[in-house]
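There are 2 protein chains.
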Amino acid sequence: MGQSPLRLGIAGLGTVGVGVIRMLRKNAQLIEARTGRQVTISAVSARSKGKDRGVPLDSYAWEDDPVALATRDDVDVFVELMGGSDGPAKAATEAAIKAGKDVVTANKAMLAVNGHALAGLAETAGQVIRYEAAVAGGIPVVKALTEGLAGNEITRVLGVMNGTCNYILTRMETAGLPYDTVFKEADDLGYLEADPNLDVGGIDAGHKLAILASVAFGTQVDFDSVTLEGIGSVTIDDITAAKDMGYRIKLLGVAQMTGRGLEQRMTPCLVPYNSPLGQLEGGTNMVILEGEHSGQIVLRGAGAGEGPTASAVLSDILDLARGLRLATFGQPANTLVAAKSAASDTPAPHYIRIHLQDKPGALAKTAAILGEAGVSINRMRQYGHDEPTAQVLIVTHKTSGSTIESVREQLSKSSVTDGTPVILRIEEI
Amino acid sequence: MGQSPLRLGIAGLGTVGVGVIRMLRKNAQLIEARTGRQVTISAVSARSKGKDRGVPLDSYAWEDDPVALATRDDVDVFVELMGGSDGPAKAATEAAIKAGKDVVTANKAMLAVNGHALAGLAETAGQVIRYEAAVAGGIPVVKALTEGLAGNEITRVLGVMNGTCNYILTRMETAGLPYDTVFKEADDLGYLEADPNLDVGGIDAGHKLAILASVAFGTQVDFDSVTLEGIGSVTIDDITAAKDMGYRIKLLGVAQMTGRGLEQRMTPCLVPYNSPLGQLEGGTNMVILEGEHSGQIVLRGAGAGEGPTASAVLSDILDLARGLRLATFGQPANTLVAAKSAASDTPAPHYIRIHLQDKPGALAKTAAILGEAGVSINRMRQYGHDEPTAQVLIVTHKTSGSTIESVREQLSKSSVTDGTPVILRIEEI
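These protein sequence lines map, in sequence, to chains A and B.
Following our numbering, the numbering of the first sequence begins with 1 at its first residue and continues without gaps.
Following our numbering, the numbering of the second sequence begins with 1 at its first residue and continues without gaps.
In short, the hints are calculated from the structure, not lab data.
Heads up, some of the hints might be wrong.
Unchecked claim - Below, computed lysine-lysine pairings styled on DSSO-like, alpha-carbon distance capped at 27 angstroms: (1) A:K340 with B:K365; (2) A:K340 with A:K365; (3) B:K398 with B:K413; (4) B:K98 with B:K51; (5) A:K398 with A:K243; (6) A:K26 with B:K340; (7) B:K243 with B:K398; (8) A:K243 with B:K365; (9) B:K98 with B:K26.
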């Protein structure tokens with residue numbers, strides 16, 4: 001109470017920026033009650049000044065240049081909502097820190113690529129960078145991990161972190177439509193990024209995973225080591241077959257520390273149909289945090305959209321207004337270690353779908369390939385058929401990633417199978 | 001780095017106290033890395049000194065009297081894990097605050113009953129009270145609400161907050177056993193409090209709800225106004241019938257601000273079978289936070305047990321070690337308003353189960369009672385029967401609590417029904 005206002009400079013007036021302004025105006029009284037001070041906007045910046053954005057901007061100073069905005073004397077916190085890993089976002093963030101401002105950002109790309117350097121810069125300057133909105137939209141997952149589970153050794157972080165991919169996979173299943181058709185629909189609905197590969201290629205979700213991995217394991221954020229595989233090759237046949245075996249296919253991010261190093265992967269995986277992840281439909285996100293003592297903490301909510309993302313940005317701003325300050329990745333940047341990156345080799349059951357030639361001994365030959373590689377079969381299902389090939393589904397017992405790769409190779413060149421087998425990891429949760 | 005250690009005094013060496021000591025010892029290095037300082041234990045206190053608790057206590061001073069522990073010079077944070085709304089827990093907490101200590105507690109009863117007074121005391125003294133472990137065990141729900149959604153107007157908080165009740169209801173369904181049998185099982189397994197009514201009467205969960213309501217709505221915690229109804233009257237017939245209509249029965253806590261005032265209820269309710277709440281089985285807890293901008297945030301995890309509860313206690317301790325300090329109920333105690341308590345009258349669909357006499361016009365008579373009260377029927381199901389009465393299930397459209405009470409009365413005294421109808425609220429989520 002009686003404290004001076006916290007003054008913001010907001011760069012980027014897209015959906016999220018406008019959402020933040022709306023929320024700050026609507027909830028001004030509530031924010032003052034909760035923080036004991038006013039949170040005001042001094043200045044804003046965006047590409048085009050004239051555009052009607054549906055919120056009144058007249059009372060805020062305008063800056064064409066985000067760097068000029070970030071370094072204004074009447075700005076305490078620079079709110080970066082422009083996006084992009086480098087360029088103006090990074091330049092303005094650096095300028096803000098050097099000018100003694102704290103930074104709140106929703107920019108996952110910038111943090112995944114330049115987060116470690118920026119965290120070091122902030123630490124040296126005595127400033128903080130907050131980024132709750134960068135991961136899983138409105139879900140307070142960064143806070144849950146850095147603070148809520150702070151006393152735990154984290155064993156694994158996993159989740160569905162791209163709503164567009166989850167929407168596409170859900171829609172393929174419910175409507176029985178192929179990937180290309182649903183991709184087109186999603187594009188028409190405006191669900192996809194300008195570069196759709198950011199979504200369907202898993203890059204956007206991979207950025208988020210890399211950030212969470214750094215926080216979870218005290219490692220320097222390392223996006224380049226994330227094994228990335230998008231959803232473009234997921235077929236309706238696999239969605240149906242997976243369901244038949246009790247699973248659903250999700251673009252799943254998994255980060256875990258192993259004896260071999262840090263595994264980070266964002267790949268299509270099978271999860272049990274009746275698990276919280278399996279039940280996740282549409283554009284919703286879910287992150288599961290596994291702490292040694294806390295056990296599994298599941299967080300679920302909207303991963304995108306004006307309201308949820310603005311809510312996350314505001315939580316960071318309100319933390320700063322309340323004087324809650326924390327190192328960017330949860331511990332001093334100079335104590336974060338360079339993680340040794342490990343291949344995705346943690347043993348897991350795998351799902352295999354193949355087409356067998358209708359020849360005597362075809363199944364025996366297939367089983368022999370698995371057996372020789374040391375892969376044992378948990379469940380197998382062959383379907384009746386009128387075609388020259390029969391579809392066979394196999395769920396293996398736990399097998400390492402490298403073993404399953406050799407099986408894939410063997411099966412591909414086998415004389416009894418038709419085409420390349422589909423092999424997907426089944427993540428145990 | 002280089003900061004002085006944060007020194008704890010821990011009162012109460014039951015499961016949670018021992019868990020906290022174990023976690024602090026095991027993760028000492030990790031805690032120092034994350035907070036930049038050591039967290040040490042100066043002294044402990046419990047009822048019996050001699051007992052072997054499975055952790056070495058020799059290096060800590062022993063106090064028989066928790067007040068003496070709480071006021072020791074070498075204690076910065078008093079960790080209250082004794083329990084009980086009043087008595088030694090409250091006395092020691094007050095003494096700690098007056099002696100300039102911060103307090104971390106897992107004591108929901110103390111906060112639900114005396115939280116407002118204690119928050120005021122702490123505020124005057126410039127100390128803070130933290131209580132993440134008091135609500136939903138290992139799930140960081142207090143943090144999610146006070147900080148993660150701080151920029152939102154909260155519209156509703158709901159959830160399953162007593163694992164024992166959820167275990168009993170789940171077990172009744174899966175094993176087809178009556179309440180009394182499963183209650184006995186749970187008791188034999190040690191799942192029940194010494195006074196089982198704390199669990200099955202909804203009191204424990206009601207304490208948690210009252211605390212969350214205060215944080216959510218900026219009101220003075222008011223446990224006395226929680227509408228409490230335990231699970232003792234839930235029958236296997238209703239569990240089966242609810243499932244048949246697409247629902248599951250849960251002991252559900254709901255707090256929402258209405259035009260009439262604050263509704264707080266902890267009662268058996270129906271929730272959609274396929275919703276996250278409906279899918280919640282066994283001893284797990286789930287809390288759903290609804291923010292105006294964030295949308296629904298679902299949090300799920302272990303609601304009790306050594307590890308999860310100790311994890312929550314540690315998150316509070318680490319916050320204090322990091323200098324993250326917040327008003328007890330999220331805003332200054334003197335700004336919390338005395339909430340006007342409102343009856344549970346928010347309209348909702350209701351589930352009705354009745355036994356109809358096998359007489360012509362019996363169903364018409366029943367329908368007429370509902371119709372005259374202004375209650376319209378959404379779905380109705382009558383079962384074939386060999387008995388003199390037929391079971392009828394009705395799901396109504398939205399109806400207020402007071403209207404449904406008059407329907408209950410009318411049906412009870414109607415000549416065509418047998419016995420008292422069962423009427424349960426269906427919470428829309």
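Here's how the hints hold up against the structure:
In summary, the hint linking A:K340 to B:K365 is not supported, as the alpha carbons are separated by about 75 angstroms, beyond the 27 angstroms threshold. Only pairs whose Cα atoms come within 27 angstroms are accepted, and A:K340 paired with A:K365 is rejected, the gap being roughly 39 angstroms. For the hint linking B:K398 to B:K413, the alpha-carbon distance of about 23 angstroms falls within 27 angstroms, and the restraint holds. Our distance criterion of 27 angstroms between C-alpha atoms is broken by B:K98 and B:K51, whose separation comes to about 31 angstroms.
Distance restraint check for A:K398 and A:K243: the Cα-Cα separation of roughly 20 angstroms lies within the 27 angstroms cut-off, and the hinted pair is therefore satisfied. With a C-alpha separation of about 24 angstroms, the suggested pairing of A:K26 with B:K340 holds against the 27 angstroms cut-off. About 20 angstroms separates the Cα atoms of B:K243 and B:K398, which keeps this hinted pair within 27 angstroms; it holds. Of the pairs offered as hints, the one joining A:K243 and B:K365 is violated, with about 46 angstroms between alpha carbons and a cut-off of 27 angstroms exceeded.
For the hint pairing B:K98 with B:K26, the CA-to-CA distance comes to about 32 angstroms; that exceeds 27 angstroms, so the pair is violated.
In this structure, the earlier hints numbered 1, 2, 4, 8, 9 are contradicted, and the remaining ones agree with it.
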